[in-house]
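The listed protein sequences correspond, in order, to chains A and B.
For the first sequence, our numbering assigns the number 1 to the initial residue and increments by one for each residue that follows.
For the second sequence, our numbering assigns the number 1 to the initial residue and increments by one for each residue that follows.
Hints may be right or wrong, so weigh each one.
[Stated by the list, open to error] No more than 20 Å apart at the CA atoms, straight line, and that leaves these computed lysine-lysine pairs for PhoX-like:
{"#": "1", "chain 1": "B", "residue 1": "K105", "chain 2": "B", "residue 2": "K26"}
{"#": "2", "chain 1": "A", "residue 1": "K38", "chain 2": "B", "residue 2": "K121"}
{"#": "3", "chain 1": "B", "residue 1": "K401", "chain 2": "B", "residue 2": "K527"}
{"#": "4", "chain 1": "B", "residue 1": "K308", "chain 2": "B", "residue 2": "K365"}
{"#": "5", "chain 1": "B", "residue 1": "K401", "chain 2": "A", "residue 2": "K64"}
{"#": "6", "chain 1": "B", "residue 1": "K795", "chain 2": "B", "residue 2": "K667"}
{"#": "7", "chain 1": "B", "residue 1": "K93", "chain 2": "B", "residue 2": "K26"}
{"#": "8", "chain 1": "B", "residue 1": "K15", "chain 2": "A", "residue 2": "K33"}
{"#": "9", "chain 1": "A", "residue 1": "K38", "chain 2": "B", "residue 2": "K839"}
{"#": "10", "chain 1": "B", "residue 1": "K189", "chain 2": "B", "residue 2": "K96"}
{"#": "11", "chain 1": "A", "residue 1": "K2", "chain 2": "A", "residue 2": "K54"}
{"#": "12", "chain 1": "A", "residue 1": "K27", "chain 2": "B", "residue 2": "K841"}
{"#": "13", "chain 1": "A", "residue 1": "K64", "chain 2": "A", "residue 2": "K20"}
{"#": "14", "chain 1": "B", "residue 1": "K857", "chain 2": "A", "residue 2": "K38"}
{"#": "15", "chain 1": "A", "residue 1": "K33", "chain 2": "B", "residue 2": "K857"}
{"#": "16", "chain 1": "B", "residue 1": "K527", "chain 2": "A", "residue 2": "K27"}
{"#": "17", "chain 1": "B", "residue 1": "K26", "chain 2": "B", "residue 2": "K64"}
{"#": "18", "chain 1": "A", "residue 1": "K33", "chain 2": "B", "residue 2": "K93"}
For the record, the hints were derived by calculation from the structure and aren't laboratory data.
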Amino acid sequence: MKFNVLEHKLVPEHRVLTDKESEEVLKALRVTKDQLPKIRGIDPAVRVLEKARKAPIPEGTIIKVTRISETAGVSEAYRLVVGR
Amino acid sequence: MMSMRGVTKRIRAIKFALLSPDEIRKMSQTKVITADTYDEDGFPYDLGLMDSHLGVIEPGLRCKTCGGKVDECPGHFGHIDLAMPVIHVGYVKELKKLLQATCRKCGRLLLTREQAADYMKEMENVEELGGDATEVQFVTRESAKEATKRQRCPWCGEEQKKITLDKPTTFREEGHKLTPKEVRERLEKVPNDDLRVLGIEPDVARPEWMILTALLVPPVTVRPSITLESGDRSEDDLTHKLVDVLRINQRLRENRDAGAPQLIVEDLWELLQYHVTTYFDNQTSGIPPARHRSGRPLKTLVQRLKGKEGRFRSNLSGKRVNFSARTVISPDPLLSINEVGVPVEAARELTVPIHVQNYNIDMVKEWIKRGPIAASKTGDYIAGVNYVIRADGRRIRVTDKNADAVAETVEIGFIVERQLVDGDVVLFNRQPSLHRMSMMAHEVRVMPNKTFRFNLAVCPPYNADFDGDEMNLHVLQSEEARAEAKILMRVQEHILSPRFGGPVIGGIHDHITAAFLLTHKDARFNKVETTFILSRLGMSGLPKPKIKEGDLEFWTGKQIFSLVLPKDLNLSFKSSIASKGVTNPKELREEDSLVIIRNGQLITGTIDENAVGAFKGKIVDKLARDYGSEMAKKFIDKVTRLLIGAIMVKGFTTGIDDEDIPEEAKKQIVDQLKVAAEKVKQLVEAYKAGELEQMPGRSLEETLEVEAMKVLSRAREQSGEIAGKHLGMTNSAVIMARSGARGSMLNLSQMAGCIGQQAVRGERLSRGYWNRTLPHFRKGDLGAEAKGFVKSSYKSGLYPTEYFFHSMGGREGLVDTAVRTSRSGYMQRRLINALEDLKVKEDHTVRNTADTVIQFKFGEDGVDPSRSIQGDAVDIDDVLQDVLGEEPSWKERMTFKEMTSYGLTEKDMVVEMEEEEAEEEEEPAGEE
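Produce the complete structure using the sequences and hints provided.
Spelled out as structure tokens, the structure:
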């Protein structure tokens with residue numbers, strides 16, 4: 001990969017949640033996995049994460065996106081990895 | 001309608017499926033064979049298109065299927081057995097996909113067992129992760145694509161041939177034509193399990209059903225014939241088309257059975273295909289539309305549904321409604337912002353259903369006895385009753401004659417449709433309904449004359465004026481609707497806008513001028529004047545006069561204004577009249593533009609747009625936020641009345657002589673403009689001599705343009721300043737501009753001083769003739785006059801060339817606004833359609849109707865902008881001031897938050913020029 005998108009200042013921080021964390025998040029938000037917003041497995045950010053952990057990220061994994069928000073300072077969002 | 005009450009059913013899902021020939025025949029009440037409709041006696045033929053098994057359209061007759069009369073029988077389907085199968089145009093795309101993805105010999109899907117299993121699994125996976133139909137479609141599209149690619153069948157080894165579609169309905173296999181019959185035979189062979197991989201549910205949608213062997217004939221109620229005055233019958237377009245289908249179908253059958261030559265049968269088969277195709281969609285590309293005898297294209301099934309005039313947009317989304325009214329609007333400053341004046345004529349027609357109960361039966365009887373055109377003893381309007389609805393649902397029209405008799409029959413359980421009375425809740429709306437404030441709940445005030453009337457302060461949210469605007473009114477029909485409207489939609493609940501968190505309802509035009517006249521500096525009023533102004537508030541008794549000169553008593557304007565402020569209000573801000581860039585309290589006090597309100601008393605400062613105006617009014621804002629909507633409503637009601645009173649006492653007018661400036665000033669401007677023109681000339685000379693210093697990133701020509709523009713815009717500003725010097729705060733036009741009532745200082749300087757450079761696409765004018773704008777100038781002239789600088793003022797009048805240049809600039813503005821409005825309108829339509837199902841749930845997440853999360857917290861911070869202070873949930877300074885009782889240095893606050901400084905700055909001038917110009921030009925166009 002020529003360019004690491006996560007290092008760009010406009011790309012927010014992405015982090016893969018562990019299974020335990022995922023469960024906690026789902027519980028705290030009172031949502032099921034299918035209600036989460038999605039992110040494609042081929043998304044450049046996901047591919048960077050895959051490269052960093054040297055393992056593919058399976059579908060159904062939750063990724064936490066932390067962005068600097070104009071209105072809220074810091075805001076957290078969660079995305080579900082879906083295929084292709 | 002009554003029997004529907006209490007029955008609540010909820011649609012959980014909608015499933016779409018194909019109609020199988022078996023189902024068509026099962027639904028059908030009769031076979032249709034005869035291509036004729038009625039015999040000479042006007043009776044429908046049996047087995048004809050108007051067979052009385054298909055329903056009734058003539059009063060008096062009964063349906064042969066269900067026995068119902070005209071409004072009871074919903075109509076029943078029939079069917080036509082087609083002699084040869086034909087393709088359904090609506091499914092050609094799917095048919096092509098299926099033919100390409102399956103084997104020509106064995107009918108199996110052209111995928112290996114493993115591939116098929118993979119795709120099935122992926123589909124399940126997508127569904128499990130909350131994918132909707134479109135996302136599943138991505139997978140099926142992929143599987144079909146993969147199958148199409150394969151050249152040889154993995155099951156029987158057959159070599160596949162290339163299938164093409166000859167639009168609209170002919171399939172070819174390597175040039176050889178496939179008849180619908182052949183297509184159908186192929187599709188019949190495809191096994192159910194293979195269809196599932198392609199996203200087709202075979203139980204309800206076998207692919208061979210996409211080839212029609214029987215055609216469903218809609219009930220006559222769907223295609224009623226009309227009897228003309230002459231007694232002739234005129235049939236519906238659909239009936240015409242079905243006649244065509246039947247005729248050709250018959251000929252085809254006869255020819256085929258008689259063993260006619262293949263060529264003739266094929267021709268007839270194709271003709272049948274054409275008629276069936278146009279029966280579904282008469283705008284299918286590739287074939288000529290079927291026409292009426294007169295040459296008008298027929299309106300067939302698809303045309304009934306599609307487009308702006310179609311069933312969806314015209315009859316479902318755009319239903320016409322009862323209990324509504326529309327008329328011209330006009331202002332009434334004496335109404336509350338929550339009210340709307342309704343003409344008597346409208347109030348008589350509009351009704352509210354009242355359920356007759358124990359507690360109101362006597363009252364209701366009284367209403368009915370008044371008759372439908374009730375008047376009080378003094379001749380004023382009082383509400384009557386138009387209809388009485390009995391418990392069995394029958395409606396009885398109340399007339400003067402039967403009023404007494406009907407009143408006696410009224411029992412508990414009846415519903416009575418009462419005419420409007422003062423206080424009824426109605427919805428009031430002006431198109432275009434761009435935001436939620438375009439439709440608000442008002443309370444009725446029945447009034448004489450024929451217009452709807454409302455308080456002027458409510459103009460901004462509706463974007464209404466009174467140059468002929470019309471508005472709509474809807475009367476709410478249920479208790480729930482009234483309660484909901486009163487809580488959520490009342491005008492007072494919309495004082496603060498959710499767009500920017502400021503007020504959208506407040507003083508406009510005269511209110512602001514009046515506020516200035518009332519409160520600027522030491523304005524004072526004698527007893528007569530004060531009495532007049534305060535009488536408008538409905539006050540009895542006068543406050544203590546602030547000033548006594550001998551026997552004469554005077555009240556200050558600030559004192560009078562303070563009467564409408566809450567007693568514990570503390571506020572400080574900068575007036576709109578403040579000169580640009582002035583922040584020093586001393587200077588502000590000198591021009592009386594530092595507003596300080598302490599304990600509900602206006603101490604210093606001028607009340608103007610920044611205090612009570614719509615969009616900018618600080619006092620309105622503060623009251624709506626801290627004291628609640630009720631208080632804000634009262635304030636706006638009172639302040640608008642008070643200010644109209646004040647301007648009536650003071651008197652106010654403006655005219656072209658407000659822009660008169662002394663000869664000497666005019667000369668100064670002319671001289672100054674001459675200097676500027678000379679400067680441009682020097683620049684041009686420098687450019688021609690090649691001495692102009694090039695700016696980085698610009699060519700030499702561009703550099704010259706930029707420099708010239710700079711010089712000329714500075715020249716316009718200076719002439720504005722010179723003119724402004726001679727237009728003081730006693731000048732009416734200046735008062736309006738500075739206080740924010742109407743117009744700007746730029747408008748004034750263009751009238752008194754100089755109009756300035758005209759521009760198209762942000763550049764000086766340059767197009768027209770070869771190397772020049774007009775033949776009045778030399779070719780290649782780059783000077784000020786030759787490229788669209790207008791040195792005249794609107795008042796002095798323009799030279800012919802200037803006039804032409806000005807119209808060039810004006811035309812661009814006109815075109816821009818036309819383009820902008822249509823484009824932004826379409827953009828907004830798409831945006832609204834995309835966002836319409838989103839809502840904020842109890843846990844602050846934003847979700848759509850499928851319950852998937854769109855935002856984890858509304859706006860990422862969960863703050864409602866209409867309840868925030870400059871975007872923050874809490875105004876810390878304000879809380880501190882309340883608790884500590886200290887007044888924070890207003891200057892600190894302002895520099896920190898930039899709450900004020902609405903005085904004109906250089907940057908504002910540019911923006912304002914663009915905005916104002918656009919606005920001015922928009923309005924006359926709209927008037928015509």
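Hint check:
For the hint pairing K105 (chain B) with K26 (chain B), the CA-to-CA distance comes to about 32 Å; that exceeds 20 Å, so the pair is violated. Only pairs whose Cα atoms come within 20 Å are accepted, and K38 (chain A) paired with K121 (chain B) is accepted, the gap being roughly 19 Å. Among the hinted pairs, K401 (chain B) with K527 (chain B) is inconsistent with the structure: their alpha-carbon atoms are about 57 Å apart, more than 20 Å. Simply put, K308 (chain B) and K365 (chain B) have alpha-carbon atoms about 47 Å apart, too far for the 20 Å limit, and the pair is violated.
The straight-line distance between the Cα atoms of K401 (chain B) and K64 (chain A) is roughly 76 Å, outside the 20 Å bound, and the hint therefore fails. About 15 Å separates the Cα atoms of K795 (chain B) and K667 (chain B), which keeps this hinted pair within 20 Å; it holds. In summary, the hint linking K93 (chain B) to K26 (chain B) is not supported, as the alpha carbons are separated by about 28 Å, beyond the 20 Å threshold. Taking the CA atoms of K15 (chain B) and K33 (chain A), the gap is near 25 Å; set against the 20 Å cutoff, the hint is violated.
This hinted pair checks out: K38 (chain A) and K839 (chain B) have alpha carbons roughly 19 Å apart, not beyond 20 Å. With a C-alpha separation of about 16 Å, the suggested pairing of K189 (chain B) with K96 (chain B) holds against the 20 Å cut-off. Distance check on the hinted pair: K2 (chain A) and K54 (chain A) sit about 16 Å apart at the alpha-carbon level, within 20 Å; holds. Note on K27 (chain A) and K841 (chain B): the hinted pairing holds, with a Cα-Cα distance of about 17 Å set against a maximum of 20 Å.
Note on K64 (chain A) and K20 (chain A): the hinted pairing holds, with a Cα-Cα distance of about 13 Å set against a maximum of 20 Å. For the given pair, K857 (chain B) sits about 17 Å from K38 (chain A) by alpha-carbon distance, which is consistent with the 20 Å threshold. Only pairs whose Cα atoms come within 20 Å are accepted, and K33 (chain A) paired with K857 (chain B) is accepted, the gap being roughly 17 Å. A distance of roughly 71 Å separates the Cα atoms of K527 (chain B) and K27 (chain A); the hinted pair therefore is violated under the 20 Å criterion.
At most 20 Å may separate the alpha-carbon atoms for a hinted pair to count; K26 (chain B) and K64 (chain B) meet this at roughly 17 Å. Taking the CA atoms of K33 (chain A) and K93 (chain B), the gap is about 35 Å. The hint is violated against a cut of 20 Å.
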